[in-house]
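S.K.: Below, each chain spelled out in residue letters.
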Amino acid sequence: MALPANPTDFTLAQARDAVAGKEISSRELTAAFVKAVEAARPLNAYVTETPDRALEMAAASDARIAKGEARPLEGLPLAIKDLFCTKGVRTTAGSKILSNFVPPYESTVSQNLWDAGAVLLGKTNMDEFAMGSSNETSAYGPVVSPWQSRGSNAKLVPGGSSGGSAAAASANLCLAATATDTGGSIRQPAAVTGTVGLKPTYGRCSRWGIVAFASSLDQAGPIARTVRDAAIMLKAMASVDPKDSTSVDVPVPDYEAGLEMGVKGLRIGIPKEYRVEGAPPEIDAMWSKGADWLRAQGAKIVEVSLPHTKYALPTYYIVAPAEASSNLARYDGVRYGHRASGARDITELYEKSRAEGFGAEVRRRILIGTYVLSAGYYDAYYAHAQKLRTLILRDFTEAFKKCDVLLTPATPGPAFALGEKTSDPVSMYLNDVFTVTVNLAGLPGLAVPAGLTDEGLPLGLQLIGKAFDEATVLRVGRAIEQAANFTAKPAPWWRAP
Amino acid sequence: MSVDQDTVRRIARLARLALEEERVAPMVQELNAILAWVEQLKEVDVVGIAPLTSVVEQRLKMRDDVVTEGGNADALMANAPGGEDHFFVVPKVVE
Chain A
1 MALPANPTDF TLAQARDAVA GKEISSRELT AAFVKAVEAA RPLNAYVTET
51 PDRALEMAAA SDARIAKGEA RPLEGLPLAI KDLFCTKGVR TTAGSKILSN
101 FVPPYESTVS QNLWDAGAVL LGKTNMDEFA MGSSNETSAY GPVVSPWQSR
151 GSNAKLVPGG SSGGSAAAAS ANLCLAATAT DTGGSIRQPA AVTGTVGLKP
201 TYGRCSRWGI VAFASSLDQA GPIARTVRDA AIMLKAMASV DPKDSTSVDV
251 PVPDYEAGLE MGVKGLRIGI PKEYRVEGAP PEIDAMWSKG ADWLRAQGAK
301 IVEVSLPHTK YALPTYYIVA PAEASSNLAR YDGVRYGHRA SGARDITELY
351 EKSRAEGFGA EVRRRILIGT YVLSAGYYDA YYAHAQKLRT LILRDFTEAF
401 KKCDVLLTPA TPGPAFALGE KTSDPVSMYL NDVFTVTVNL AGLPGLAVPA
451 GLTDEGLPLG LQLIGKAFDE ATVLRVGRAI EQAANFTAKP APWWRAP
Chain B
1 MSVDQDTVRR IARLARLALE EERVAPMVQE LNAILAWVEQ LKEVDVVGIA
51 PLTSVVEQRL KMRDDVVTEG GNADALMANA PGGEDHFFVV PKVVE
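Keeping their order, the protein sequence lines are chains A and B. Under our numbering, think of the first position of the first sequence as 1, with each following residue one higher. Under our numbering, think of the first position of the second sequence as 1, with each following residue one higher.
A few of these clues could be false.
[To be verified] Simulated pairs of lysine-lysine, DSS-like, Cα-Cα distance not exceeding 27 Å:
| id | chain 1 | residue 1 | chain 2 | residue 2 |
| --- | --- | --- | --- | --- |
| 1 | A | 272 | A | 300 |
| 2 | A | 264 | A | 289 |
| 3 | A | 289 | A | 300 |
| 4 | A | 300 | A | 401 |
| 5 | A | 421 | A | 489 |
| 6 | A | 466 | A | 243 |
| 7 | A | 264 | A | 466 |
| 8 | A | 289 | A | 310 |
| 9 | B | 42 | A | 310 |
| 10 | B | 42 | A | 272 |
| 11 | A | 310 | A | 466 |
| 12 | B | 92 | A | 96 |
| 13 | A | 300 | A | 466 |
| 14 | A | 466 | B | 61 |
| 15 | A | 243 | B | 61 |
By construction, these hints were calculated from the structure, which means they are not laboratory data.
Construct all of the structure, not just a fragment, from the sequences and the given hints.
M.R.: As structure tokens, this is what we get:
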């Protein structure tokens, strides 16, 4: 297949082959992306751009290629969510409290990418501490989606919390990006920006060096433009890491190898509880279309039941804030991060530094978390929620006796307007209704672009797999990608005329 | 269950999060909206169900009790908002 004229339009796989084949140098490729990133500042997708480092890394890659020492991602420019610690490059987690934090170490996932030869373009914007579904809680301003409704120039959200990574992948401001997913933060923004987002099985990617939100749910994964690109990224990001005690001792397979095997004979489960009242009819229609595509390619469609689905989101809003309140206790204005001035004693120093450093949504979740863990309420809330989690996991275990992969909608609707849902936390939380179950059960989930709404906005489908069966999830994702033939791209309205 | 203003002040104190007096009443409302929504979990009978403590079936790994990294005091102190000679400086703690 002929390469696109503009190198920023390359897929990761195309760029890999073009750089390895010396059709383009990493420096040329990287320079094109550096220029695209600068021209896209109205989107606010990047919190920190690292053009000098990018060009240095590209030059080093070109030198390795010349010596015949190329590695799997040699010279390929990527974006890193600002939740991954990057040595010597400011890492904010989207929060004011880390506005001056320059990590003295590198996260395992980003180190794996540099060890594979990748190039750092910069750090992407995100909801503060990954708490949000629209990228509007960032202390560095919201990310604006590259997508707009047909005939409108109203600004839309890119989803969240990995909104910067999704916008950057969608607007061709990187070949692919890292992201993290605690309740849907990879899959929901990917779905509403027409990109591919993969949340791996809990324990597949190391959490070491990723700013912690809810440790039993957090998992890193890629946002990319194609299913193949997501497979390439996961192979490089995943590892067995002695620095993370929850990193699981399972070898990392070659996720690209089985991508084109097709779905013939696979059993695809349709969980009836994912049909929610009040969802726009186009969500249901897209879901049926997805099942038809897979059936036409030889898969068997089976109805399954996940009876505790409706309890997943409220369960999450006990478990996640509880773990967050504990994890965020470390931000105290003493060892790193923002420190309030003029405190008279140590307690006031803690209280003022934290009140000044955290935004409204983070403060709200810390208080909810503190409450549900406090004496007298722990059993009623936290212990009860953890029992619900057992039931939710059991639902999946039962369903997977009848099918190999589950097919669901990825989001309850397309992207919404900036400011549309910020006043009501619960309505914002409902954006994750189809994704959050997967985190509670620790399973892999993939969002794949499936089509456009009548207004021209992307919608995605979600595939859920058995633990550590990312290969099958990606294979079914590839089948949907082929059938959907999703080629739409946002018009580059953000570039100066 | 719902929270009142005193409870909100108490949990803010427990969380070491200063809450201006005029923010207390709105926070009561915000937290109660969330708590009312999670109340639906009470419908589910969980008698005999064990809480989920790990989604992966793996024994927690142990490592040898040895120093793996050390001597990084400069790097550790580089981000400290108040630091002197490898000490963190805070307001007076003991009278």
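S.K.: Confirm or reject each hint.
M.R.: Do the hints match the structure? See the list:
1. Between the alpha carbons of residue 272 of chain A and residue 300 of chain A the distance comes to roughly 16 Å, so the proposed pair stays at or under 27 Å and holds.
2. A distance of roughly 17 Å separates the Cα atoms of residue 264 of chain A and residue 289 of chain A; the hinted pair therefore holds under the 27 Å criterion.
3. Restraint check: the Cα-Cα separation between residue 289 of chain A and residue 300 of chain A comes to about 14 Å, which is no more than 27 Å; the hinted pair holds.
4. Straight-line distance between C-alpha atoms of residue 300 of chain A and residue 401 of chain A comes to about 14 Å, which keeps the hinted pair within the 27 Å bound.
5. For the given pair, residue 421 of chain A sits about 25 Å from residue 489 of chain A by alpha-carbon distance, which is consistent with the 27 Å threshold.
6. The suggested pairing of residue 466 of chain A with residue 243 of chain A holds, with an alpha-carbon distance near 25 Å, which does not exceed 27 Å.
7. Of the supplied pair hints, the one linking residue 264 of chain A and residue 466 of chain A holds, its CA atoms being roughly 18 Å apart against a limit of 27 Å.
8. Straight-line distance between C-alpha atoms of residue 289 of chain A and residue 310 of chain A comes to about 24 Å, which keeps the hinted pair within the 27 Å bound.
9. For a cut-off of 27 Å, the pair hint linking residue 42 of chain B to residue 310 of chain A stands: about 13 Å separates their Cα positions.
10. For the proposed pair residue 42 of chain B and residue 272 of chain A, the alpha carbon gap of about 23 Å is at most 27 Å, so the pair holds.
11. As the CA atoms of residue 310 of chain A and residue 466 of chain A are separated by approximately 21 Å, the hinted pair is consistent with the 27 Å bound.
12. The straight-line distance between the Cα atoms of residue 92 of chain B and residue 96 of chain A is roughly 26 Å, inside the 27 Å bound, and the hint therefore holds.
13. For the given pair, residue 300 of chain A sits about 17 Å from residue 466 of chain A by alpha-carbon distance, which is consistent with the 27 Å threshold.
14. Of the pairs offered as hints, the one joining residue 466 of chain A and residue 61 of chain B holds, with about 23 Å between alpha carbons and a cut-off of 27 Å not exceeded.
15. For a cut-off of 27 Å, the pair hint linking residue 243 of chain A to residue 61 of chain B stands: about 10 Å separates their Cα positions.
The earlier numbered hints are all upheld by this structure, with none contradicted.
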